[in-house]
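Trainee: Residue strings, one per chain:
Protein chains: 2
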Amino acid sequence: MRLALLGGTGDFGEGLALRFARDTDHEILIGSRDPERAREAVSAYEEIIEAHGASGSLKGFTNEMVADRADIAVLAIPPYYVGDVVDSIADRLDDDTILLSPAVGMKRDETGMHYNAPPAGSTTELVANRAPDEVPVVGTYHNLPANTLADLETDINFDTPVVGDKDAVQTVISLTNEVAGLRGLAAGPLANAREVESLTPLVINTTKYNSELDEAGVKWV
Amino acid sequence: MRLALLGGTGDFGEGLALRFARDTDHEILIGSRDPERAREAVSAYEEIIEAHGASGSLKGFTNEMVADRADIAVLAIPPYYVGDVVDSIADRLDDDTILLSPAVGMKRDETGMHYNAPPAGSTTELVANRAPDEVPVVGTYHNLPANTLADLETDINFDTPVVGDKDAVQTVISLTNEVAGLRGLAAGPLANAREVESLTPLVINTTKYNSELDEAGVKWV
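Respectively, the protein sequence lines represent chains A and B.
Oh and the first sequence: position 151 is 150 in numbering that gives the first Met the number 0, straight run, nothing missing.
Oh and the second sequence: position 125 is 124 in numbering that gives the first Met the number 0, straight run, nothing missing.
Check before you lean on any hint, since a few could be wrong.
Put simply, identical chains are the same to the list, so a pair is met inside one copy or across any two.
Straight line, CA to CA, 27 angstroms or less: simulated DSS-like cross-link-like pairs of lysine-lysine [said to hold, decoys possible]:
| no. | residue 1 | residue 2 |
| --- | --- | --- |
| 1 | 207 | 106 |
| 2 | 218 | 106 |
| 3 | 207 | 218 |
| 4 | 165 | 106 |
| 5 | 207 | 165 |
| 6 | 58 | 106 |
Hints are computed from structural coordinates only; laboratory data are not their basis.
Being a predicted model, the structure only gives us computed values, none of them experimental.
Based on the sequences and whatever the hints tell you, model everything.
Mentor: If you want it as structure tokens, here you go:
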């Protein structure tokens, strides 16, 4: 399978790239607006993975090119311009490419982080509204801490809820469960995305108010 | 300490009563609109606790009477009339009684449960708005599954986020951590209650779509 990480040069893209490249046999495509930056990121990630005694298949291209080739395209992009990126890749997508949305709209104030959904109801539904109708959209990975993912020294044990069309959700859960210490949990259709995305500010707030929780994740028990 | 469970004859009140009575030395006051029902519940709970080789100190009264005597008063009451109950006990409360709100406004549709906050922003803030100004209000226990709590055969291992005034939050966390397998996690002031309450429909939805998750809770890891 080809897994594309659009915005794959950012912190969250790095974390996903390293875990998927180390733990699975899938081809990882790193996308960026600037293909040179994508290729530099690939070199850096390969070095880290090799230092951990593993090897992965990574390649770097533009966001458009990785979307074109992907079986699953992850929008590792800040929520305030994820809609524009979906528009820019729309003609590269079809019903064979799952579009995966991990972004969460939030606003920070003095007490902590607060969920701040777009008018579509959630960022996942915004992505679904902007993508061509035939493209299956899935929302997940919102609650995974980027820095912990990117630190391959750390063994993880995190759950992540997954919403979207049933078949696409099952494909994404199977892929997710190939990464050591990750478990995807079906959470229903896109209409349930709001509750899924709201978990992220809660995890950030509990981390802020509990010094013993550093870059925490959540596990259903 | 005196822990009052208003609405303590319901499923959630039963779960809290059994765990606190079995695992702590505190006095548990069961409140109900009908004091006779409260006394019947106390008899039933005592029987269960004794069947598990423990004993607890439980007493049953009206909601008003247990609020009057409580150090911590838990509003184990459905969200749509929790405000009326707060009004009815307002003259029994003071700055020595922590009012604890575990209720979550939700609406169900064909896809699952959805967070449905009152105009105050959250049920916890609704309670704070209706209570006398000097009464410390804390929001927690929203995400604990009632049936699992009430089944003393089941060892639990759940976290629950806690919001409110800092001192009251610490008091509630200390109390919570006395119950085997429960851990309270500070999540900031009342302004963060919305994110805390939103966890409940998410947990219900993941339970609905994952047959292996029966009456699940959540753990920060």
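Trainee: Would you mind marking each hint as holding or not holding in the structure?
Mentor: Hints and how they fare:
For the homomeric pair residue 207 and residue 106, the shortest alpha-carbon distance inside one copy (15 angstroms) is at most 27 angstroms, but the shortest distance between copies (30 angstroms) is not. Taking the closest pair of Cα atoms, residue 218 and residue 106 come within 27 angstroms of each other both inside a single copy (25 angstroms) and across two copies (25 angstroms). Taking the closest pair of Cα atoms, residue 207 and residue 218 come within 27 angstroms of each other both inside a single copy (18 angstroms) and across two copies (16 angstroms). Taking CA atoms no more than 27 angstroms apart as the test, residue 165 paired with residue 106 passes between copies only; the shortest distance there is 22 angstroms, against 31 angstroms inside one copy.
Taking CA atoms no more than 27 angstroms apart as the test, residue 207 paired with residue 165 passes between copies only; the shortest distance there is 14 angstroms, against 35 angstroms inside one copy. When the C-alpha separation of residue 58 and residue 106 is checked against a cutoff of 27 angstroms, the pair qualifies neither within a copy, at 34 angstroms, nor between copies, at 46 angstroms.
When each numbered hint is compared with the structure, a violation occurs for hint 6 only.
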